[in-house]
Amino acid sequence: EAGVTQFPSHSVIEKGQTVTLRCDPISGHDNLYWYRRVMGKEIKFLLHFVKESKQDESGMPNNRFLAERTGGTYSTLKVQPAELEDSGVYFCASSQPPGLALYNEQFFGPGTRLTVL
Amino acid sequence: AQSVTQLGSHVSVSEGALVLLRCNYSSSVPPYLFWYVQYPNQGLQLLLKYTSAATLVKGINGFEAEFKKSETSFHLTKPSAHMSDAAEYFCAVSFMNRDDKIIFGKGTRLHILP
Chain A
1 EAGVTQFPSH SVIEKGQTVT LRCDPISGHD NLYWYRRVMG KEIKFLLHFV KESKQDESGM
61 PNNRFLAERT GGTYSTLKVQ PAELEDSGVY FCASSQPPGL ALYNEQFFGP GTRLTVL
Chain B
1 AQSVTQLGSH VSVSEGALVL LRCNYSSSVP PYLFWYVQYP NQGLQLLLKY TSAATLVKGI
61 NGFEAEFKKS ETSFHLTKPS AHMSDAAEYF CAVSFMNRDD KIIFGKGTRL HILP
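Residue numbers (this note's numbering), protein chains in the order written: chain A, 1 to 117; chain B, 1 to 114.
The set of hints was computed from the structure by calculation and includes no laboratory data. Careful, some of the hints might be misleading.
Not the full set, but computed from the structure, chain A residues with beta-carbon under 10 Å of chain B [to be verified]:
no., residue
1, 2
2, 4
3, 6
4, 9
5, 37
6, 43
7, 45
8, 87
9, 91
10, 92
11, 103
12, 106
C-beta: ideal position from N, C-alpha, C; glycine also.
Just chain A, same shape as in the assembly (with noise of 0.2 Å):
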């Protein structure tokens, strides 16, 4: 079985430009995580997707990020325009829906490396 996978792995923009990033979740997985570690500081939760709702996007630095999951399936995470406060590695999640686990483990992908000249 496929795991989370992210797309690109790298990139390098420069400030101003726009970037998107992708995330293809576990499938059957209707929760979606976006984290982001920027250098030398802790990886910190973004947002949350239950299948295309925003379940939980209390850690969405500003309204330059937009997280879009159209149909439910794969996540897209824009930023426009980009500063270069916003390097640093973005990480996707997703776990299985709710059921009789306790806990429902989040599954993480590679990673984008995103840089900002």
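With chain A held as given, fit chain B onto it using these hints.
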């Protein structure tokens, strides 16, 4: 506010020696606790988790961690380090909502000396 503190951004141990990575958490409600590992050029992989059952949790690759409520700690140990254990390790916490976000520590990079 909930938080996770990992002591030491870099830890070096000799091959065959004990691995001890320290983690303390702050939480106003009973937490779920995790250790994740990231090998070079790979995603985060769950090593082990504590979800209010046994306080001593065994994970993959010979790692284990003990939940100590009185000390608010969840330290990760392995009796004998292997070269393949070189990676970055993240302690993390989540809460009783089964689908809640994860809060991570800053990570500890483990170096294994031959």
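(request) List in ascending order the numbers of the hints, as given earlier, that are violated by the structure. (result) 1, 8
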